[in-house]
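Protein chains in written order, with this note's numbering: chain A, 1 to 552; chain B, 1001 to 1171.
Treat the hints with care, since some could be wrong.
Beta-carbon label-pair distances, calculated as ranges [what the hints assert, rightly or not]:
no.	chain 1	residue 1	chain 2	residue 2	range
1	B	K1159	A	S104	44 to 50 Å
2	A	S110	B	G1116	41 to 47 Å
3	B	N1029	A	D132	57 to 63 Å
4	A	G64	B	D1039	39 to 45 Å
5	B	L1086	A	S110	49 to 55 Å
6	B	I1030	A	K167	50 to 56 Å
Some residues of chain B that are not near chain A, with every Cβ distance over 12 Å (derived) [said to hold, decoys possible]:
no.	residue
7	G1021
8	V1082
9	G1142
Derived by calculation from the structure, the hints in this document are not laboratory data.
Given the structure is predicted, the values throughout are model-derived calculations rather than measurements.
Quick reminder that beta carbons are idealized off the backbone N, C-alpha and C, glycines included.
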Amino acid sequence: MQLSGAEILVKSLEAEGVEVIFGYPGGVLLPIYDVLYDSGIRHILTRHEQGAAHAADGYARATGRAGVCLATSGPGATNLVTGIANAYMDSVPLVALTGQVPSSLLGRDSFQEADITGITLPITKHSYLVGDPAELARIVKEAFYIATTGRPGPVLIDLPRDVSGAKADYKEPSEVNLPGYRPVLDGDERQIGETTRAIAQSHRPVIYAGGGVITAGAHEELRQLAELLLAPVATTLMGLGGFPGNHPLSLGMLGMHGTKYANYAVCECDLLIAVGARFDDRVTGDLGCFAPMAKIIHIDIDPAEIGKNVRVDIPVRGDVKRVLTRLIACLEPVIASAWQEKIDNWKKEYPLAYGEGNGLKPQFIIEEIYRLTGGEAIIATDVGQHQMWAAQYYRFEKPRTFISSGGLGAMGYGMPAAIGAQIGCPDALVFDIAGDGSIQMNIQELTTAVNYGLPINVAILNNGFLGMVRQWQELFYNRRYSQTELKNPDFVKLAEAYGAEGIRVTEKAEVAPAIERAIKSDKPVLIDFVVEREENVFPMVPPGGSLNKMLG
Amino acid sequence: MLHTLAVLVENNPGVLARVAGLFSRRGFNIDSLAVGRTDNSAISRMTIVVEGDDLILEQVTKQLHKLIDVIKISDITKDEYVDRELVLIKVNADAATRGEIMQIVDIFRAHIVDIGHKTLTIEATGDEGKINAIEQALRPFGIRELARTGKIAMLRGFKASSVNNNGKEDV
Ligand SMILES: Cc1ncc(C[n+]2csc(CCOP(=O)(O)OP(=O)(O)O)c2C)c(N)n1
């Protein structure tokens, strides 16, 4: 059957089960958009390509399926870059499609030419510059396979204009055959044996769980393991929701803004079981003092993560779910432990807390959102203090409910990610917790939410500052607030101008009614919470410091 | 310490950029890199000499493995292997020095591949030590131009770092 490259592309996307594409058209994409016009695939038109990339990423995190975004050559493609880097850092399955100038014009600085495969080389799991429409079906199949298996990540397909236009024979691609790509899934028997022995010898184990638990769908196995060993679980930012936040064994988050009890537990444990985590510097602080007494077991699907940042005593490479399943089968239950008592005492002595002040406390708003959503909402965030408060005070119960830019820390992620999550989970209650700085980096996507009738709720914790940077200036630069105070627009009017509902909240008593109204509304609602201006995120491990030396 | 890696890659466009980019991005030092295709035209072989301790080497290997186009990596440093490098040297030569240069060429079992008005071009192959030595020996005459291929290497005996036609590793 003879089909155009564009037709082959869309057919191949359908074959992969793609239900939605987040995109933005342009000259070289005309053949593709023409085919999409009649396709069953839903297309969401964002207002900026970065919005499309983040929305596809949010969709992927909320559903576990690959997100797809589409942008034109040159500026369209470069506008995707932050979104691709974000997906790369957080191991999110994303397939980014870009138009490219015709093959004959490549390399000549043609109009709207950008070497996007070159630009994204360090931030993609793999990429393709398609040379022949006959290869497209195979390439699309490989791209989805690579993006979604092993350690997931973004894959880019760059499509020159002539490739989408030209005809080729369409054949359904055969099985993927990539000799250089064979993820190891089952942990090595010997390593699992060593792990069980180390666990049996340990008196003070801590499980340190990362985003890999959620990616692998191993939250149930993680809970079983923790309960079997009575081992407390500290999660990373990416791991939130991988272990129930209200579970008696939960330590909440560890690291720079982790709970004191999580950080103390890591400092005093004799065995650290790292599961799908990567020992990021925001987690470990000073590596020299990280878990100094502990034997370290590292379970991860990506062998390159094992031993990258810390010395590991027992490396276990493999799919976290499979490894944990086998581990659980080999372990004896622990009945009671003095360690558990010690941790409970820390929890009582050093709970997460904030002081009362005259103004509206941002932490209180998160607590109220938690209470009024019954912990059932999907929470997307931007980057900054509000993100950390969301991580600390919303007790995530379920995987795929906390959607946040962890590794890259990209401001502007929250609202488009919330849009993607809402598209992927139409029945879910979705909140974007944003800062007054971050929200303005992709505020234009409010139009997208309004256009598609997405009932997302945006809660701006408006402190009139680039708060997180201001906090560092306060603590480490003698309160010299250089370029961090913001003169903001009227967010309520802005919301209304976009066709969303806007609510301003300045008093404690108004908090709950505003949240309730937002939850009930079937329109996008933006709440401008005018909060205390100079509230800080505590506890805090100063950058590069040791985990047991926390401020606040 | 210098390690010699034999890396088999799919012969796809951009594969060299992927490998080279990985080294610079992760701060690994390449001492030399030589690429060419193998008996299977779909597969190229890179010989990469990289500087680093065992920990760095472990990271280099693991990160290289993450590239989809990389099929197989063998660190052959600790095995018995043959390695060769080829060099072309254009050296100043006049009637007075020509004889002496030709003697050096003989000693190193090198060849003269071109004779110019005032120059000789010499080709030599050998391991790194030999190539360094001939370069040293010719330096006093004035080297006008020098090109080295970088080293290629292969295990001695029956052992091989190759893949068969299905891309499966040979045993
Ligand atoms: C794209 C981008 N630019 C700059 C930064 C650096 N940065 C980190 S947090 C922050 C402040 C964020 O301010 P806001 O969104 O108002 O949130 P707050 O910290 O006040 O809650 C900045 C500028 C970043 N993370 N991302």
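Hint check:
no., hint, result
1, K1159(B) / S104(A): 44 to 50 Å, "holds (47 Å)"
2, S110(A) / G1116(B): 41 to 47 Å, "holds (42 Å)"
3, N1029(B) / D132(A): 57 to 63 Å, "violated (37 Å)"
4, G64(A) / D1039(B): 39 to 45 Å, "holds (43 Å)"
5, L1086(B) / S110(A): 49 to 55 Å, "violated (39 Å)"
6, I1030(B) / K167(A): 50 to 56 Å, "violated (43 Å)"
7, G1021, "violated (5 Å)"
8, V1082, "holds (26 Å)"
9, G1142, "holds (39 Å)"
Hint compliance for this structure: hints 3, 5, 6, 7 are not met, and every other hint is.
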